[in-house]
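> So the protein sequences, as listed, match chains U and S. Numbered according to our numbering, the first sequence spans residues 1 to 436. Numbered according to our numbering, the second sequence spans residues 1 to 258.
No lab work stands behind these hints: they were computed from the structure. Note that the structure is predicted; figures quoted are calculated from it, not measured. Be careful, since some hints might not be right.
Said to hold, decoys possible - Some chain U residues close to chain S (C-beta under 7 Å, calculated; not the full set):
#1 V165
#2 Y389
#3 Y390
Where is the CB? At the ideal position from N, CA and C, for every residue including glycine.
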Amino acid sequence: MTETKWSVDESAIRDFSAANNEPEWLLSLRLDAFNKAADLPLPKPDKTKIDKWNFTEFGAHTVKSAAYTELTQLPQSAQAVIGEETASQNIYIQRNNTPSILNVSDELKEAGVIFTDFSTAAREHSDVFQKFFMQQVVKADEHQLTALHAALVNGGVFLYVPKNVEIKEPIQAVFIHDDAQAALFNHVVVAADANSKVTYVENYISTVKTEQGVANIITEVIAGDNAQVSYGAVDTLAENVTTYVNRRGITSPNARIDWSLGIMNDGNTVSENVTNLIGDGSFADTKMVVVGRGKQSLNFTTKVVHFGKHTEGYILKHGVMKDEAKSIFNGIGKIEHGASKSNAEQESRVLMLSEKARGDANPILLIDEDDVTAGHAASVGRVDPLQLYYLMSRGITKQEAERLVIHGFLAPVVNNLPIENVKKQLTGVIERKVRQ
Amino acid sequence: MSQSTLTIKNLHVSIDGKEILKGVNLEIKGGEFHAIMGPNGTGKSTLSSAIMGHPKYEVTEGSITFDGEDVLEMEVDERARAGLFLAMQYPSEITGVTNAEFLRSAVNARREEGDEISLMKFIRKMDANMDVLEMDQDMAQRYLNEGFSGGEKKRNEILQLMTIQPKIAILDEIDSGLDIDALKVVSKGINNMRGEDFGCLMITHYQRLLNYITPDYVHVMMQGKIVKSGGAELAERLEAEGYDWIKQELGIEDETVQ
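From just these sequences and the hints, can you work out the full model?
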């Protein structure tokens, strides 16, 4: 591990922390993680070798970008993803590492909701933020990438919803990557206190080509007693950006987390999505769609771990692989001893569009309790040439025929996404990714 | 629109290296209804697949031209846009794509970009055709052929025919698996297409279909060739007497192409 080249050193971390007036606890957490990072191993995603991937070399730890002041200044691709419901309401825009626009309605402020950028959260809501940041859900010393993340985190948001507060309109964060030098170490915390309800949607948008980029993203969702969190994400980071994205949640009794994830990056990506169903009667639903193209290597692990009794976990993933894209879909349903009356269901399907595309779906059920139900379905296949023949025999071009088959293949997931904005966005993103 | 002509000359077709068609000659013009009959396994469906460009069939000799253009040089979708249509015996099922979405793509494939048919106009057109075929309106929103019964699939093929309005259509065993009421409805849809600009080739085992759609020409196919042609009366004689008399007349041994 001594050969690992770091693009930053300890003094850079100190400088960054000081420049942002971070509290002492955060600086010491960073330094502690940084010191451990070199000795910790990389994560080992099943069936994908990532030891040659670039997670550590990037242009600069932080780039200063001119902040946007109006939504109309955003690039077209970013304006397009902003849902009508969120447009003027509750939205955060980050340009590379620079917090730009933050709108929070008076209604939410009065209700005690905190929605702010990472630095402000650490500075102005230090006590409450410290409780959640890399304490309960993801730990800094899990492996090298979590440690690097903790050491270098340079953006993201904190969303806290107090007890009994139900937010109807989605809250949105848009992360724009338009500087080839920028590295994204974004951290998102969504903490929903008892009986609260919130929908959060985030977008990663690259509008720049880069030779060598790094995104190391961690999300922590904490759903309190009987709280409901609906979490949507559409990732469209550029080619040559190596992405590690870890979105993880934990549930208190009777809480519910719904994930709607569209992973549409053009670079190599390791995505880990885990829900730990701690409280009795809690519930997790993960829906995910993926389109891979070019020479991408993609690894997706979706995992639901049942600790509480009467917990339910559902995973539904569909992926389309074009060109020479390779993908591994790991679905894991784990029922711990004592989690009686629980149910773990999963379905993964991969459609390959070309001879050189590769897909692998591994459904795994790990069950340590007798009184449970579980099920899985998985398939990997190529486009049926007779389907294309049939569509083309009606005058539809091969390209359009493929588009229809792909849309059809992804429709069972896309059409059932609980967040309207994410559904709409994904339809558009899939269209673009498939056409090129 | 003027009358179209589909000309097939000395067509030889193989599948997996085995020759099925051994020199078929046939000409179909706008306004004409042809029927091809013959025992099982004599190459009737192979002919229809070869005309449309099915990926498994290889044309080894001969030609197919449509209004002078070389059909064999065209991709499947180009053949369709040129005006050919094949109602398939076993249409594919496509999950997640609604019937309406599919049909609208097919209609728009024939129009310039920017000149797509309006949604309202398309729905009116499709609804009217569905009425003729006595199809339930919810069929428009079901996934293409998925879970359709045999009869529903056949109606759906004719719905496509009526909506796309090709110049020459080939109907591959459109009557198989239909009860008499469904056969009448499907026949009504096909007869609606009759006109100087529309030519049709029906492939069938049974004369029954021809009671509802009267052909101008009837051809008998055996051993990969058209061995006899005549008018509607030929079909009636085949129904009454079977194929043995033709075999005897032509000195064909009793063997069929596998």
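> Next step is simple, just say for each hint if it's right about the structure.
So, going through the hints one by one against the coordinates:
no.	hint	verdict
1	V165	38 Å, violated
2	Y389	6 Å, holds
3	Y390	4 Å, holds
Taken one by one, the earlier hints fail for this structure only at number 1.
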